[in-house]
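Enquirer: Sequence:
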Amino acid sequence: MTSVYDFEVKKPNGEILSLKEYEGKPLVIVNTASKCGFAPQFGGLQSLYDEYKEDGLVVLGFPCDQFNNQEFDNIDETTEFCQMNYGVTFPMMAKVDVNGDAADPLFDHLTSEQKGMLSKKVKWNFTKFLVDRNGKVVERYAPQTAPEKLAEDVKKLL
1 MTSVYDFEVK
11 KPNGEILSLK
21 EYEGKPLVIV
31 NTASKCGFAP
41 QFGGLQSLYD
51 EYKEDGLVVL
61 GFPCDQFNNQ
71 EFDNIDETTE
81 FCQMNYGVTF
91 PMMAKVDVNG
101 DAADPLFDHL
111 TSEQKGMLSK
121 KVKWNFTKFL
131 VDRNGKVVER
141 YAPQTAPEKL
151 AEDVKKLL
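Numbering (our numbering), first residue to last: 1 to 158.
All clues given are correct.
Straight-line Cα separation of at most 27 Å, DSSO-like style, residue types lysine-lysine; simulated pairs:
| id | residue 1 | residue 2 |
| --- | --- | --- |
| 1 | Lys136 | Lys121 |
| 2 | Lys121 | Lys149 |
| 3 | Lys120 | Lys136 |
| 4 | Lys53 | Lys20 |
| 5 | Lys20 | Lys10 |
| 6 | Lys121 | Lys35 |
These aren't lab readings, by the way, just hints derived from the structure by calculation.
All chains, please: the whole structure from these sequences, using the hints.
Expert: Below you can see the structure in the form of structure tokens.
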């Protein structure tokens with residue numbers, strides 16, 4: 001059975017990162033967009049990361065420009081924006097597509113493991129996926145779900 005840890009993703013500098021690096025750690029994986037109305041959730045995601053990173057939690061942000069072009073063209077602008085405006089220190093990855101023919105394989109896996117209300121497609125920015133220590137996708141949260149609401153589910157995995 002495929003786990004999240006079987007995937008490789010691209011870092012902002014273009015280097016490939018094996019998610020095996022996070023094996024044994026619970027993950028929150030989220031598609032982000034700097035110019036989205038939900039961008040203040042970066043602060044909540046950072047708080048969640050700060051609260052539980054010593055216990056093993058990793059938050060991974062994946063900038064996405066598929067929803068109304070709400071992400072900067074340049075990944076350096078994205079990471080700078082996240083750091084300056086929300087103090088983001090959790091890992092941010094390279095920009096990805098989350099839907100369609102060019103969708104990143106990780107997001108194909110996430111959406112097939114935890115479908116949304118009406119379809120498996122990601123509907124908007126800040127869709128969040130919770131992954132347990134075994135790499136199994138255990139929950140999917142809608143964009144409007146504040147990161148703070150994930151805390152109880154995260155604690156169960158720690």
